[in-house]
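Asker: As a plain string of letters, each chain reads:
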Amino acid sequence: MTVPTLAVFKLASCDGCQLTLLDCEDELLTLAGKVRIAHFLEASSAVTPGPYDLALVEGSVTTPADAERVREIRAQSRHLVTIGACATAGGIQALRNFADVEEFTRAVYARPDYIDTLATSTPVSDHVDVDFELRGCPIDRTQLLEVITAYLAGRKPDIPDHSVCFACKRRGTVCVTVAHGTPCLGPVTHAGCGAICPAYGRGCYGCFGPSGSPNLRALIPLLHRDGMDDRAVERLLRTFNAAAFDKVGKEVRS
Amino acid sequence: MTNSTTTAVLDRDGLSALVQALAAQGRTVVGPTVRDGAVVLAEIASADDLPFGWGTEVEAGRYRLVPRDDGAVFAHTAGPQSWKTYLHPQRERLWSAERAADGHLSVTEDGSEQPSYAFLGVRPCDLRAIAIQDRVLAGGRYPDRGYRERRTGAFLIAAECTEPGATCFCVSMGGGPAADSGFDLALTEVLDRAGHRFLVRTGSEAGEEVLSGLPRHPADAHTRNAARTAVDAARDRMGRAMPPVDLRALMGESLEADRWDDVAARCLTCGNCTMVCPTCFCTTTEEVTDLTGDHAERWQHWDSCFDVDFSHLHGGPVRASARSRYRQWLTHKLSTWYEQFGSSGCVGCGRCVTWCPVGIDITEEAAALHDELTDRLRREKQKETER
Chain A
1 MTVPTLAVFK LASCDGCQLT LLDCEDELLT LAGKVRIAHF LEASSAVTPG
51 PYDLALVEGS VTTPADAERV REIRAQSRHL VTIGACATAG GIQALRNFAD
101 VEEFTRAVYA RPDYIDTLAT STPVSDHVDV DFELRGCPID RTQLLEVITA
151 YLAGRKPDIP DHSVCFACKR RGTVCVTVAH GTPCLGPVTH AGCGAICPAY
201 GRGCYGCFGP SGSPNLRALI PLLHRDGMDD RAVERLLRTF NAAAFDKVGK
251 EVRS
Chain B
1 MTNSTTTAVL DRDGLSALVQ ALAAQGRTVV GPTVRDGAVV LAEIASADDL
51 PFGWGTEVEA GRYRLVPRDD GAVFAHTAGP QSWKTYLHPQ RERLWSAERA
101 ADGHLSVTED GSEQPSYAFL GVRPCDLRAI AIQDRVLAGG RYPDRGYRER
151 RTGAFLIAAE CTEPGATCFC VSMGGGPAAD SGFDLALTEV LDRAGHRFLV
201 RTGSEAGEEV LSGLPRHPAD AHTRNAARTA VDAARDRMGR AMPPVDLRAL
251 MGESLEADRW DDVAARCLTC GNCTMVCPTC FCTTTEEVTD LTGDHAERWQ
301 HWDSCFDVDF SHLHGGPVRA SARSRYRQWL THKLSTWYEQ FGSSGCVGCG
351 RCVTWCPVGI DITEEAAALH DELTDRLRRE KQKETER
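Taken in order, these protein sequences are the chains called A and B. Heads up: the first sequence runs through residues 1 to 254, numbered per full-length UniProt numbering. Heads up: the second sequence runs through residues 1 to 387, numbered per full-length UniProt numbering.
These are computed hints drawn from the structure, not numbers from a lab. Model, not experiment: these values are computed from the prediction. Think of the CB as a built atom: it goes at the ideal place given N, C-alpha and C, for glycine as much as any other residue. Check each hint, because a few of them may be wrong.
[To be verified] Below, a sample of chain B positions facing chain A; criterion: calculated Cβ distance under 8 Å:
no., residue
1, G26
2, G61
3, Q81
4, A194
5, C267
6, T269
7, E286
8, L291
9, D309
10, Q340
11, G342
[Unchecked claim] Far from chain B by the CB rule (all over 10 Å, computed), these chain A residues:
no., residue
12, S45
13, Y205
14, A218
15, D246
Please put together the full structure from these sequences, using the hints given.
Answerer: Written out as structure tokens, the structure reads:
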């Protein structure tokens, strides 16, 4: 039996999600025995040409070159998994979707004419078929290992679609909204982080994106009650998963 | 109450001695304690960890800890956890499997020794909830071994209810603030000019044995009366009430009610109600493999009917809409639970009302369904008469 090859690719992103793979320190040696790391520039400059068995793709599509490249990656990959909020929902950079990107380039760059960018930041799934999307900004180490382990075992990864509230209750965290009046996106946010923020008394800020059945219309009045005005609510929803929460919001409004 | 019941009075030192005596038996003592702005359940090292001087103010979707001048220790209402946190833990390994180098597979059932618990401050509503979970998890043809062992070994000290909260409705669910059975010891807190003390009653031989080793006073008539008066008064101070109708029939007649759409619009489907419910028991199992593929484990963990994946069959979830999931929860809790387990699944503790972020109130929903049904039947009757 040949060892499957693993490739890690990056589009528009901060590298934090692929760093999560390097952060699997206790498991890295075992992993290196189970897959052949064929393309992982953050870890090694040694690159083997494709095709690849398992590709992890970080980052969103923000340039015409990205759009072309993600199609090449798909063509080279038997099983393609997107990792993180950028690759899965467009990331922070999807804020451009609600603004004039020309205006941004004029404000930021001395020579905006050098910039070749798209008007939007979009998830990989807008461009090619994706086999699995792993959420988070950044992704959770344990969930990444689960996705890779499941792939190696030929089974479906066990990544629940429910809200962060499940995780708070399971770990015994006191609800920050009910007991403290703290605005929290937990009830509409996809679990996976282990409910870290509420465990430290902070509200969830939705870095894993919308859960499997978010009801924003029911949650927004609570955010208002707990001291957020419309602008603050918009900022909260338009951070790490701007485009994803916006899409949910539009579905709610329609 | 049995004839063999022994009654005595413990003062605060007596309560401290009780915690020490249970710990000396090798028990893990769990009781209410203050953490992160709430009275939570946790392992306690001494009676000093108990929430002396803390009360709670609750409403639908709201919980606040408030200091009390009287130093009362059992004057708080239900927090975000219940005793199922310990008896039916959120995650438990069922078995593990190893594949040897020669391919031989060996499966080992998880047989780790269960802790011997002592639960201090179990409310009467929670005693009933434990009895319900006993029927669900320890009864029937396929009892949950881990649950049964933890439950059999547990020592229960009830704390009768003298300060019901605004979301409490146990009386309307057939319960009440008094502890009648199902405990080893039952405490009733009394605070008056004669001091801060606890009327204690025994409910089992194990309770008799523990009490006999504690520094205690005889149960005087004044303390008995004060305890009885406080519990009786609590009965009349429930913040809420379930509508006094046949809930089983109501749910059965309401499957197509419009009210489900109304509640679905407000429901976050976040699952908090089921997680805090002391009788909700649903679990799922997950198989965990490691990277080598030679080691696998099966874990059982809490699940909820509000999880879309809970009803996932081939092709997708059976209960995709919030309407269908809320309906499933309420009809099971108040109606089909009878067919399955011979009682209602609701004890009226009020946790689902308090800890729902948007404050959906089970008593209000039941009342609205009742109104809708009454209205419908009235209109149908009218139509018939017109014919």
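Asker: Would you mind marking each hint as holding or not holding in the structure?
Answerer: Evaluation of the provided hints:
With a least beta-carbon distance of about 24 Å to chain A, the hint placing G26 of chain B at the interface is violated under the 8 Å criterion. Hint status for G61 of chain B: holds, given a least beta-carbon distance of 6 Å to chain A, under 8 Å. A cut of 8 Å between beta carbons decides the hint on Q81 of chain B: the least distance to chain A is about 6 Å, and the hint holds. Interface restraint check: A194 of chain B against chain A, minimum CB-CB distance 35 Å, threshold 8 Å, status violated.
Of the supplied interface hints, the one on C267 of chain B holds, with its beta-carbon coming within about 7 Å of a beta-carbon of chain A, less than 8 Å. Against a cut-off of 8 Å between C-beta atoms, the interface hint on T269 of chain B holds, since the closest Cβ of chain A lies about 5 Å away. Among the interface hints, the one on E286 of chain B holds; its C-beta lies about 5 Å from the nearest C-beta in chain A, closer than the 8 Å criterion. The criterion of a C-beta within 8 Å of any C-beta in chain A is met by L291 of chain B, whose closest approach is roughly 5 Å, and the hint holds.
The beta carbon of D309 of chain B comes within 6 Å of a beta carbon in chain A, closer than 8 Å, and the hint placing it at the interface holds. Checking Q340 of chain B against chain A: minimum C-beta separation of about 24 Å lies over 8 Å; hint violated. Because the beta carbon of G342 of chain B sits about 27 Å from the nearest beta carbon in chain A, more than 8 Å, this interface hint is broken. No beta-carbon of chain B comes within 10 Å of the beta-carbon of S45 of chain A; the shortest separation is about 25 Å.
Every CB of chain B lies more than 10 Å from the CB of Y205 of chain A, the least distance being 16 Å, so the non-interface label holds. Under the 10 Å C-beta cut-off, the non-interface status given to A218 of chain A relative to chain B is violated; the minimum distance is some 5 Å. Interface exclusion of D246 of chain A from chain B stands, the closest Cβ pair being 19 Å apart, more than 10 Å.
Hints 1, 4, 10, 11, 14 from the earlier list are contradicted by this structure; the remaining hints agree with it.
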